[in-house]
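Asks: Since the structure of chain A is provided, determine the placement of chain B on it from the hints.
There are 2 protein chains.
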Amino acid sequence: MSRLIERLRGGLPDEALVTDPDVTAGYAHDHASFCPAGTPAVVVLPRTVEQVRHVMRTATELRVPVVPQGGRSGLSGAANATDGCIVLSLVRMDRILEIDPVERTAVVEPGVINAVLSRAVAEKGLYYPPDPSSWEMCTIGGNIGTGAGGLCCVKYGVTAEYVLGLDVVLTDGRLLRTGRSTAKGVAGYDLTRLFVGSEGSLGIVVRAVLALKPHPPRQLVLAAEFPSAAAAGDAVCRIMADGHTPALLELMDRTTLRAVNKLANMGLPESTEALLLAGFDTPDPAADLAAVAALCAAAGATEVVPASDAAESELLLKARRLAIHALESIRSATMIDDVCVPRARLADMLEGTAAVAAKHDLVIGVCAHAGDGNTHPVVCFDPRDADESRRALASFDEIMALGLELGGTITGEHGVGVLKKEWLAREIGPVGLELQRGIKELFDPLGLLNPGKLF
Amino acid sequence: MSRLIERLRGGLPDEALVTDPDVTAGYAHDHASFCPAGTPAVVVLPRTVEQVRHVMRTATELRVPVVPQGGRSGLSGAANATDGCIVLSLVRMDRILEIDPVERTAVVEPGVINAVLSRAVAEKGLYYPPDPSSWEMCTIGGNIGTGAGGLCCVKYGVTAEYVLGLDVVLTDGRLLRTGRSTAKGVAGYDLTRLFVGSEGSLGIVVRAVLALKPHPPRQLVLAAEFPSAAAAGDAVCRIMADGHTPALLELMDRTTLRAVNKLANMGLPESTEALLLAGFDTPDPAADLAAVAALCAAAGATEVVPASDAAESELLLKARRLAIHALESIRSATMIDDVCVPRARLADMLEGTAAVAAKHDLVIGVCAHAGDGNTHPVVCFDPRDADESRRALASFDEIMALGLELGGTITGEHGVGVLKKEWLAREIGPVGLELQRGIKELFDPLGLLNPGKLF
Chain A
1 MSRLIERLRG
11 GLPDEALVTD
21 PDVTAGYAHD
31 HASFCPAGTP
41 AVVVLPRTVE
51 QVRHVMRTAT
61 ELRVPVVPQG
71 GRSGLSGAAN
81 ATDGCIVLSL
91 VRMDRILEID
101 PVERTAVVEP
111 GVINAVLSRA
121 VAEKGLYYPP
131 DPSSWEMCTI
141 GGNIGTGAGG
151 LCCVKYGVTA
161 EYVLGLDVVL
171 TDGRLLRTGR
181 STAKGVAGYD
191 LTRLFVGSEG
201 SLGIVVRAVL
211 ALKPHPPRQL
221 VLAAEFPSAA
231 AAGDAVCRIM
241 ADGHTPALLE
251 LMDRTTLRAV
261 NKLANMGLPE
271 STEALLLAGF
281 DTPDPAADLA
291 AVAALCAAAG
301 ATEVVPASDA
311 AESELLLKAR
321 RLAIHALESI
331 RSATMIDDVC
341 VPRARLADML
351 EGTAAVAAKH
361 DLVIGVCAHA
371 GDGNTHPVVC
381 FDPRDADESR
391 RALASFDEIM
401 ALGLELGGTI
411 TGEHGVGVLK
421 KEWLAREIGP
431 VGLELQRGIK
441 ELFDPLGLLN
451 PGKLF
Chain B
1 MSRLIERLRG
11 GLPDEALVTD
21 PDVTAGYAHD
31 HASFCPAGTP
41 AVVVLPRTVE
51 QVRHVMRTAT
61 ELRVPVVPQG
71 GRSGLSGAAN
81 ATDGCIVLSL
91 VRMDRILEID
101 PVERTAVVEP
111 GVINAVLSRA
121 VAEKGLYYPP
131 DPSSWEMCTI
141 GGNIGTGAGG
151 LCCVKYGVTA
161 EYVLGLDVVL
171 TDGRLLRTGR
181 STAKGVAGYD
191 LTRLFVGSEG
201 SLGIVVRAVL
211 ALKPHPPRQL
221 VLAAEFPSAA
231 AAGDAVCRIM
241 ADGHTPALLE
251 LMDRTTLRAV
261 NKLANMGLPE
271 STEALLLAGF
281 DTPDPAADLA
291 AVAALCAAAG
301 ATEVVPASDA
311 AESELLLKAR
321 RLAIHALESI
331 RSATMIDDVC
341 VPRARLADML
351 EGTAAVAAKH
361 DLVIGVCAHA
371 GDGNTHPVVC
381 FDPRDADESR
391 RALASFDEIM
401 ALGLELGGTI
411 TGEHGVGVLK
421 KEWLAREIGP
431 VGLELQRGIK
441 ELFDPLGLLN
451 PGKLF
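Chains A and B are the protein sequences, given in the same order.
Just so you know, we're using full-length UniProt numbering here: the first sequence kicks off at 1 and counts up by one.
Just so you know, we're using full-length UniProt numbering here: the second sequence kicks off at 1 and counts up by one.
It is worth saying that the hints were derived from the structure and are not from the lab.
All values reported here derive from a predicted model rather than from experimental measurement.
Treat the hints with caution; some may be incorrect.
Copies of the same chain are indistinguishable here, so a pair counts whether it falls within one copy or spans any two.
Listed next, the in silico DSSO-like pairs over lysine-lysine satisfying Cα-Cα at most 27 Å (straight line) [claimed, not checked]:
| hint | residue 1 | residue 2 |
| --- | --- | --- |
| 1 | K155 | K213 |
| 2 | K421 | K359 |
| 3 | K124 | K421 |
| 4 | K155 | K124 |
In isolation and in its complexed conformation, chain A is listed as follows (with noise of 0.2 Å):
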C-alpha cells in the first residue's frame, strides 16, 4: 500500500476509497473531446467537510495534486485526471441542508444534482434558475465550478448571480467561509465570485448558500421559422431592443432540426435556415407571444406559431434540450464550442461558423441560447478519421477566433478547463493572465489544485 493510500486511509472510511484501476478509470475523464486525462492514483468519494480537510492536508503534505469532480459532464476536460493525482469526487456529499423560502436561500453540499434541487426547491414554491442542458446529471458545486449557465439566463442570469456564500477547504486543509447568508452584503473583497468559474483550481467548495426566486409560472413558447440567420438575428435584436425579457430565447440551425428530427421525430420544420424559440413566463404570456410574434414576423419570419399551452411549449423545449443530444449522434464525435458574442453579431456569428464548416468540409450545427448571443456550435466529426479530427480542431479554433473578432468571448457557460487554456491568454491579454496567475499562487502556492487547468 502506498504512502498516500495510507494516509489517506487515516481520515476515511474504507468506502471512501477507490484504488482499484478498472473503477479509477471511469473517473479519468469528463466529456469533453480532445482533452489529455491521466491516471489517478486514487479517487476519493469523501461524505463529510472533515474528510475533505483530511484529504487535503494529506495531498500537501505529500505533494500530490489534487483534480475535483462533480458530475463530469463538463465540457472542457476541466475535471480530468492527472497523472498520480488524488481525484476528489464530491457527489456524495449530496444533502441539501436547508431551504428556506423567507430569505429565498437554500444551503446545499457540493454533490447535489441541479435537477434534484430544482425538485425540491420547486416543491416550496420556489426556483433555482440555473439549467444546464446536463441538469439531471450535473452537480452544483460543478455548476460553481464552471460557472454554468442554461436556457434561463437570459432573463434570469447565470449560476454566479446565485452564489451568496460558500464555504471552501483551502489547499492546505484550512476551513474558508466566504460571503454571507443575507440578500446584501459588501464585507471586504467579494471572494464567493472568484470561486465561481474557478474550476477547483482554488479550493474545494464544500457548502453553498444558493439564492432562489419565487417560482414563475409554466412558460408559454412561441417557434419562429426564419428563411436566414440574419433574419433570425435580426429577430433577437428587435425583441430585446423592443424591451422584452423572454425566459428563454433559444435558436437551433437546420442542420440542428434535421438531427433533433432524426433523432426524435418530432417533425420540426427542416427547410427553415433558422428556428428560433422564445418562452414567456409572466403573468400574461398570450401578450407577450403576440407582441414577439409580430417583431418575428417584420424581420421576416416565414412562419410564426405560439403555443396554445404548455404542453405544446413543452414540447418545443423538449426538442431544444435534445439539441446536443441529437447533434452528437451525426458522427461518432462532437467537440461543442461555446462563444458568446454581442446579440448583435449573432447574425454574423451563425454566417461565420457556416463558412468554417464550408471550408473544412465538415458538419457543424449550432443551437445558441439567442437572447444572450451564446451560441454552441457542435463540430461533428469521426475521430478514427486523422484528417477529418485535424479539421475538426481547426474549425474549432476559428470559430474562437471568430468569436473574439466580433466582441465576443471564447466561454459563456462552459469554462476554460483544458479545451480553451491557450484560448484563455489571447482572450484577457497578459495583464489580465499575470493577475490571475497571482490570484492562483496566492490560494495554492504549491500547484496542486487541478493543475494544468485554465493556463
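Replies: Below, chain B without anything else, positioned relative to chain A:
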C-alpha cells in the same frame, strides 16, 4: 515646487492639478463621521485614461499614496485622504460613452453621476437599477467601489449584478481589462467582481460596461402601519414567503416618521411604531398591492393604505428618500449604520437597536431596506458633547455586534472604509482576512492604493 507636483505636471494639464491647501482641504473626506482624514499633497482631476496612468506611474515611482474619489458621498470614510497623498478625483471623467438598447449595456466613465446615467438610459426605455439615496451626487465609480445598493435591491439586486466589465489602471500604471461586453462570459477568474466593493484599494476603475434592464412601469406603493417592530418584521416575512417580489419594501420607525414630518411636514402617522412601504412595478400592481395588503393585515397592521396612483406613490417614496436627511437634522451629527440580517431576524434587529438606544440614552432612528433585511440605524448625537459622542460610538459598535449575532453582516451596501475595518476582521475571520490581504498585496505590492482602508 515639489518633485511630486513637477512629475505630475509632466503628464497633466494645469487645470487638472489643485495644490491650494484651502481647496484641497475640501477633498479631505467623505460623508462619514468619526473617520480620521489627512491632508492631501495634491488633488488631481484627470479627464483621460492616459492621465490616470500617468498619475499612477508617478505615484509608484515616488512611492506616494493615492486616494481615489468619486462624489465623496460615502458613509465609511473610504474616500478620506491620508497625509501627503494624491487625491485622485475621477469626477471629470464623466462621459457616458455608449447606451445600447440591443445589448442592454451602457459604457461609462467612472465620474458619471448615478442619476445622470439613470435619466439618460430611461430616455432610451432602459433602466439602471442601483439607486443609493445619494444618487444625485454619487458617481458610478464610487458605486462600484462601495458595491452600492439602494431601494431597488429587493427586486433588482446591487451594483455587483450590473457590472459586466471594467477597465482598470493598476497601481503601476498598467491598464487591465476585465470581464466582457457580452451577456455571459466565464473566461478565467472573475476579476470584475473582485474590483466591485474593493473601495479603490486594488486599482482605479476608468471605464465600466454596465448591464441595463428594460424600464419597468411606474411603481404603485402601499403604506402599512404596524403597532410593533415584530408585526412589521412578520409582514416582511409573509410577503417574501408568499412569493411576491416588490420593487421596494422599505421600513421607517417612529423616530424616522417624526423626523420626516418635522423636516417636510408630510403628515406621516407618528403614532405608529413602524411604517412599511411596498412598491410594485409589475404589469398589474393594484393586484399585487391587494395581496400584500391582506398579508400586512394578517400580520397585525393597524392601517393599510394603497396609493391610488403614481403621484400618491411618489409622495410616499419622497418621504422615504428624505429619511436619512431628516434624521440628520435631529442632532448636529449622525453615524449611519448599515447592518444586513436575515429577513426573519429583522424584528430582532429593530428591537435590539431600540434597546441599545435606551441603554445609551440616545436617539437612534431606523430606516431599512426591509425586503433585504438591510437596516440603517442612524445614531444621532452632538459631537461637542464628549460623553454623548462616546455613547454614540459604543451604540454604533453594539449594533454591528448584534447584526453579526443575528447571522448578518456589518455592511450591506456602504462598505468598510475606515469606519468598520476592525469589524471586517471580526466578520470574515483570520483565514478570510489573510487571503484578502494577499489579494491586496498582489494588486498593490507597495501599498499605495487607498492605504488604511478596509484592513
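Asks: Take the hints in turn and mark each one as holding or not.
Replies: Cross-check of the supplied hints:
1. When the C-alpha separation of K155 and K213 is checked against a cutoff of 27 Å, the pair qualifies both within a copy, at 12 Å, and between copies, at 10 Å.
2. For the homomeric pair K421 and K359, the shortest alpha-carbon distance inside one copy (25 Å) is at most 27 Å, but the shortest distance between copies (60 Å) is not.
3. When the C-alpha separation of K124 and K421 is checked against a cutoff of 27 Å, the pair qualifies neither within a copy, at 41 Å, nor between copies, at 39 Å.
4. For the identical chains of this complex, K155 and K124 are neighbours both inside a copy (21 Å) and across copies (20 Å), given an alpha-carbon limit of 27 Å.
The structure fails to meet hint 3 from the earlier list, while all remaining hints are met.
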